[in-house]
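Novice: Model the full structure from these sequences, guided by the hints.
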Amino acid sequence: MTTIVVPGQPLGPAHAYVPGDGVHVFNGQIVSSLVGQVATSKPTSTNTNTATAATPTISVTKPTLSADEEASATLLPDVHAEVLCRVTRINARQATVAIFVVNGRVCGDEFQGVIRVQDVRMTEVDRVRIFTSFRPGDIVRARVISLGDQSNYYLSTAHNSLGVIMASSEAGDPMYPINWREMKSTRTGVIEERKVAKPF
Amino acid sequence: MAAKAPDRRRNNPPSHGTTPPVFLSTSSDDIKPAQSSRPPDEIRKIFLRTGLISSVTGSSFLEIAPLKLSVSVLGPRPLPRSASTPFAAQAILTTEVKFAPFASTVRRGYIRDSSERDLGSRLYQALVGAIRRELYPKSRIEVVVTVLDSEDEGDDVNTVCIEDGRTVEPQFWDVGRADRALGVVLAGCITAASAALADAGIEMFDLVSGGVASVFVDGGDVKGKGKAGAGGKRYVRDPAVAPPDGDAPVATCVLGYMAARDEISELWISGKLSTSEGTAEMDELVDEAVAAARSSRGVLNEAAKERVQFIVEKAQSQSTETPSATGQGKDVEMTG
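Chains as they are written, first to last, in full-length UniProt numbering: chain V, 1 to 200; chain L, 1 to 336.
The hints are simulated quantities; they were obtained by calculation from the structure and are not laboratory data.
Yeah, the Cβ is synthetic: ideal placement off N, Cα and C, and Gly gets one too.
The reader is advised that the hints may include incorrect statements.
[What the hints assert, rightly or not] Lysine to any residue pairs mimicking SDA-like chemistry, simulated, CA-CA at most 20 Å apart: (1) L:68 with L:116; (2) L:305 with V:61; (3) L:98 with L:15; (4) L:305 with V:39.
[Unchecked claim] Chain L side only, calculated, beta carbon under 10 Å to chain V, not exhaustive: (5) 75; (6) 86; (7) 100; (8) 101; (9) 107; (10) 251; (11) 312; (12) 315.
Specialist: Spelled out as structure tokens, the structure:
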């Protein structure tokens with residue numbers, strides 16, 4: 001039978017554990033910040049050089065009824081998070097997107113983000129044009145590079161695995177990628193330009 | 001002449017008029033026996049449950065004798081897209097307390113009045129320090145409290161004292177009725193909001209529990225303008241609106257208390273306290289309120305755990321059932 005802890009409940013001395021998720025340190029004590037179950041994980045064997053290698057990580061997780069629904073209610077994009085987003089509008093400088101999946105989990109609300117023209121791809125940045133990279137309605141895999149300003153998260157697709165993963169042609173037919181910069185319509189065979197993500 | 005366009009700027013009354021609500025005799029008579037049957041250092045029984053509203057991130061429902069309120073927590077959700085909102089490195093907390101129109105003896109409007117806004121800002125103060133807001137940048141967390149029933153009777157000026165169906169003049173022991181009633185509401189709001197935040201899975205340094213205490217002196221002292229405060233001082237935790245045995249109320253203290261860190265996050269004292277012995281009288285009142293908050297913390301802890309416990313047990317029972325007879329269970333469901 002697992003015990004359930006509440007916020008404010010001390011879990012152990014700070015020197016005996018490495019604080020993980022759902023805990024904080026107060027007065028030399030590891031204290032829970034969530035209602036949930038305590039989990040201690042053995043230290044990974046990769047870093048055996050320091051003294052911290054021997055201390056286990058302690059964390060508190062809140063169990064949920066359905067695997068993804070409740071936990072994603074408090075989900076927010078953070079820097080380095082991989083997100084899926086839908087392009088909402090484009091102009092010459094940037095593509096505005098709506099983020100709806102963060103790190104593989106669907107979030108409760110959509111967050112607005114932008115992919116600036118200089119963040120679309122890694123090389124030949126000066127020759128990138130937004131109009132040949134994204135179109136409104138495309139589904140894009142991107143990475144958060146900054147929390148950005150008050151309303152937008154700044155995203156980047158400057159990696160082979162990042163870019164458009166689903167798109168429709170101008171006529172509205174689904175397209176499949178044929179190389180890193182082009183996609184082909186399944187029905188008419190028309191080729192359109194996109195910044196395509198490398199399929200797995 | 002054309003019919004008058006409806007006035008959209010004001011809260012219009014219904015065109016056909018309304019019947020003013022008729023209440024039975026005031027709760028003071030009903031509560032007095034309950035008050036005397038309870039020792040002054042014991043708080044009323046609390047009913048607190050979380051996760052009753054499925055459409056919000058976290059919710060709770062609290063009942064303390066006449067007081068009934070429900071709390072919804074929404075978010076963290078993205079900030080509204082307007083140029084006026086600045087970049088927020090920490091989550092922005094908004095709190096809202098609304099009495100249902102039928103929640104108090106005096107009917108309330110649908111627009112928040114000053115006492116509701118006041119309660120809202122006090123609730124904000126009680127909770128804002130407990131939430132780990134730095135974990136939720138560029139987002140807002142909304143706490144919405146709906147009071148469904150309370151002992152509140154409006155402010156002191158508008159207080160209507162009804163006994164045996166007749167309106168009577170307020171007596172000396174009715175002083176601070178509104179403060180005591182609102183104090184109990186605020187303490188309930190704080191406790192229930194903490195439970196709802198915990199249910200939402202929002203990370204907190206500690207749970208905040210609310211506590212109320214009042215100090216009374218013997219009624220005779222005030223009536224005869226005698227030496228008030230010489231003795232006969234009574235500290236009552238979680239006081240009822242009607243004072244016990246005609247004692248004269250002196251002051252009320254409401255606070256939000258984080259028991260694990262021994263921190264007071266919100267303190268509200270109203271009334272008159274003597275300063276002849278320095279802050280001794282005030283300290284004692286605060287200590288009583290802290291003790292009341294500690295008592296409600298016990299309920300808060302159990303209520304916060306209850307739903308998680310339920311989820312854990314459900315998950316365990318499912319994991320033990322699945323290998324044996326999944327087909328069997330399905331068949332039973334189909335025939336039923």
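Novice: Each hint: holds or not?
Specialist: Evaluation of the provided hints:
1. L:68 with L:116: The hint holds at about 15 Å.
2. L:305 with V:61: holds, 13 Å
3. L:98 with L:15: violated, 25 Å
4. L:305 with V:39: holds, 16 Å
5. 75: holds, 8 Å
6. 86: Hint holds; residue 86 (chain L) Cβ to chain V Cβ min 6 Å, cut 10 Å.
7. 100: Violated - the Cβ of residue 100 (chain L) stays beyond 10 Å from chain V, reaching only about 26 Å at its closest.
8. 101: With a closest approach of 31 Å, the residue 101 (chain L) hint is violated.
9. 107: Check failed: Cβ of residue 107 (chain L) comes no nearer than 36 Å to chain V, outside 10 Å.
10. 251: Constraint on residue 251 (chain L) not satisfied, violated at 29 Å.
11. 312: Holds - the Cβ of residue 312 (chain L) comes within 10 Å of chain V, reaching about 5 Å at its closest.
12. 315: holds, 6 Å
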